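Given these sequences and hints, build the entire structure.
Line by line, the protein sequences give chains A and B. Each residue of the first sequence is one higher than the last, beginning at 21 in the working numbering. Each residue of the second sequence is one higher than the last, beginning at 90 in the working numbering.
Any given hint might turn out to be false.
[Unchecked claim] In silico negatives: residues of chain A with every beta carbon more than 10 Å from chain B:
| # | residue |
| --- | --- |
| 1 | I59 |
| 2 | I89 |
| 3 | I309 |
| 4 | V312 |
[Unchecked claim] If the Cβ cut is set under 10 Å, some of the chain A residues that face chain B in the computed set are:
| # | residue |
| --- | --- |
| 5 | K267 |
| 6 | A323 |
| 7 | I429 |
| 8 | V431 |
| 9 | A433 |
[To be verified] So the derived label-pair ranges between C-beta atoms look like this:
| # | chain 1 | residue 1 | chain 2 | residue 2 | range |
| --- | --- | --- | --- | --- | --- |
| 10 | B | P175 | A | D418 | 16 to 24 Å |
| 11 | B | I104 | A | L198 | 37 to 45 Å |
| 12 | B | E163 | A | D448 | 50 to 58 Å |
| 13 | A | A214 | B | V99 | 46 to 54 Å |
Hints listed in this document are in silico derivations from the structure and should not be mistaken for laboratory results. If you're wondering where the values come from, they're calculated on a predicted model, not measured in any experiment. Positions of the beta carbon are idealized from the N, C-alpha and C atoms, including for glycine.
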Amino acid sequence: MSDSPPTDSDRTPPSDAPSKGGSTFYWHYAWVIVAIAAIMQMVGASIRMAFGVFIEPLSQTFQWDQGDITLAYGINSVVSAIASPAAGWVGDRIGVRKAMAIGALMFIAGMAITGVIQELWQFYVAFGVILGTAQAIFLVPLLPGVMRWYRRQLGWGMGILMASWGVGPAIAAPIMGLMIVHLGWQGTFWVTAAGSAVIMAILIYLYKDSPADIGVEPYGTLPGESFKIEIVIDKVKASNFASHMKKTSAYYNMSSIHFLGCVGHAVILVYLIPIAVQEGIDLVAAATILAVMAAVSVPSRFAVPVLAEKVGVRAIMAIFYFLQGVTVILLFWTHEHWMFYLFAVVFGVGYGGESGGFPILNRKYYGHAPQGSPYGFQMLGAGLGMALGGWIGGVIFDITNGYGWALVISVVASIAGMVSIMLLEPTDELIIPDWELDASPSIGH
Amino acid sequence: MAVQLRGITVLGLPIQFLAVAIVSAALFVYLSGWAALARVEARSDSYHAAAFGEPALRSRPGDDTVVAGIDTEEQPWERVALFVCPLH
Numbered sequence: 021m022s023d024s025p026p027t028d029s030d031r032t033p034p035s036d037a038p039s040k041g042g043s044t045f046y047w048h049y050a051w052v053i054v055a056i057a058a059i060m061q062m063v064g065a066s067i068r069m070a071f072g073v074f075i076e077p078l079s080q081t082f083q084w085d086q087g088d089i090t091l092a093y094g095i096n097s098v099v100s101a102i103a104s105p106a107a108g109w110v111g112d113r114i115g116v117r118k119a120m121a122i123g124a125l126m127f128i129a130g131m132a133i134t135g136v137i138q139e140l141w142q143f144y145v146a147f148g149v150i151l152g153t154a155q156a157i158f159l160v161p162l163l164p165g166v167m168r169w170y171r172r173q174l175g176w177g178m179g180i181l182m183a184s185w186g187v188g189p190a191i192a193a194p195i196m197g198l199m200i201v202h203l204g205w206q207g208t209f210w211v212t213a214a215g216s217a218v219i220m221a222i223l224i225y226l227y228k229d230s231p232a233d234i235g236v237e238p239y240g241t242l243p244g245e246s247f248k249i250e251i252v253i254d255k256v257k258a259s260n261f262a263s264h265m266k267k268t269s270a271y272y273n274m275s276s277i278h279f280l281g282c283v284g285h286a287v288i289l290v291y292l293i294p295i296a297v298q299e300g301i302d303l304v305a306a307a308t309i310l311a312v313m314a315a316v317s318v319p320s321r322f323a324v325p326v327l328a329e330k331v332g333v334r335a336i337m338a339i340f341y342f343l344q345g346v347t348v349i350l351l352f353w354t355h356e357h358w359m360f361y362l363f364a365v366v367f368g369v370g371y372g373g374e375s376g377g378f379p380i381l382n383r384k385y386y387g388h389a390p391q392g393s394p395y396g397f398q399m400l401g402a403g404l405g406m407a408l409g410g411w412i413g414g415v416i417f418d419i420t421n422g423y424g425w426a427l428v429i430s431v432v433a434s435i436a437g438m439v440s441i442m443l444l445e446p447t448d449e450l451i452i453p454d455w456e457l458d459a460s461p462s463i464g465h
Numbered sequence: 090m091a092v093q094l095r096g097i098t099v100l101g102l103p104i105q106f107l108a109v110a111i112v113s114a115a116l117f118v119y120l121s122g123w124a125a126l127a128r129v130e131a132r133s134d135s136y137h138a139a140a141f142g143e144p145a146l147r148s149r150p151g152d153d154t155v156v157a158g159i160d161t162e163e164q165p166w167e168r169v170a171l172f173v174c175p176l177h
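Structure, rendered in structure tokens:
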């Protein structure tokens, strides 16, 4: 860690100017880190993404109501959301690699225990609490961890990482379904636990907390450039930054914006299949519509961080929030099979781009400061948004026997998120450039 | 205007964040109360349909039998939701 004060150049958010003799892309271990994070995201989140395939087998085995089973998903979302700030804090203090190891152990234990449950409360504890906590611990620090590896061209790294979030749901559900057919639901949990253990052990072994660990500069560092903000894990530094960061409006607003975005798409993710089934489309075809939506979201997930870095992060985020919100209106007039596919395609574009701007926004506002805590707080907002959006549709359906008001809430949430993004601070300067100098932060911004 | 809005804080929290938190909490409380009332009413209807062959009028003043019947069937979360929501 450098003890020197920030210079004027440190007040300006990092640009995406080419490096390595003008080349935008060149070999660097940062790409391995991105690949590790992407695979960890897919493996770790696979069981939650494919939760729907377990509902029927569990219902048949234990005669549980579907509402009781899906409550475990809700508990998982809420626990994961509440644990996210702490997970970011842990990642900043002990390092991403150790956090990943702790989370991976909890994940494997949670999966194995879920495979032996006999009572509903055991399911809630194993799947809801243990797996929810584990997912927060090893998934939340990952993104800030990847950010440490990039001085420039962060958008490309984030784009690949975000794209993996869309690929996961598209492949996890069919694989889990196939395993359930051949191994049963218990076998699926155990085999997934064993497979995840092997994959995660390899990935954690290959993961490095910072470029300094292997004696290189972050990706995009120009020749002769002093990379002043060192990435050594420093508890005092992380704590000092956290105290300053919590005095900024952006810290809170980014969390509430992520919350709004997640309310907006959670309604669709959870209830698109029931809406389609209500219109007379069979379950398999309805599930295919959801898979199409996930697949369509992949290019958006990849493109948004890149565009955000090059064009302007607030403008790009506002556009994709608008797309996510306005396309939901189509559902009011969607009745035919082909119309649902059309909706999946147009909504998937907006939905895919909803979250991709946040890492870039964090970088623009806070530079190379430890990002675990702000990202964790944003994930708290996202998780609560997913839980609220996922819950709203069911409640409204129980009361009104329809999803109309849930769709209205989805549209309003996305558009409110867009407005909130437009009200954020400009990104042409760091918000708290002097946080390392000032020991007693003042309220501002 | 955006600059002015950005500067407004209440209890140290930005107004945007507070607005989202308050509206969301209100929505959660309102929907919880609505859902709880709908469930209680549905049970009351089926109770009265089974006992008297017709649905109950739950808001009937002074009908202690109906109220007692409903109260005994309330789930704890329903009781909390109806208590917290001022509109249900």
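These are the hints, each one checked on the structure:
no.	hint	result
1	I59	holds, 34 Å
2	I89	holds, 18 Å
3	I309	holds, 27 Å
4	V312	holds, 30 Å
5	K267	holds, 8 Å
6	A323	violated, 27 Å
7	I429	holds, 7 Å
8	V431	violated, 14 Å
9	A433	holds, 9 Å
10	B:P175 <-> A:D418: 16 to 24 Å	holds, 21 Å
11	B:I104 <-> A:L198: 37 to 45 Å	violated, 50 Å
12	B:E163 <-> A:D448: 50 to 58 Å	holds, 56 Å
13	A:A214 <-> B:V99: 46 to 54 Å	holds, 51 Å
Taken one by one, the earlier hints fail for this structure at numbers 6, 8, 11, listed in ascending order.
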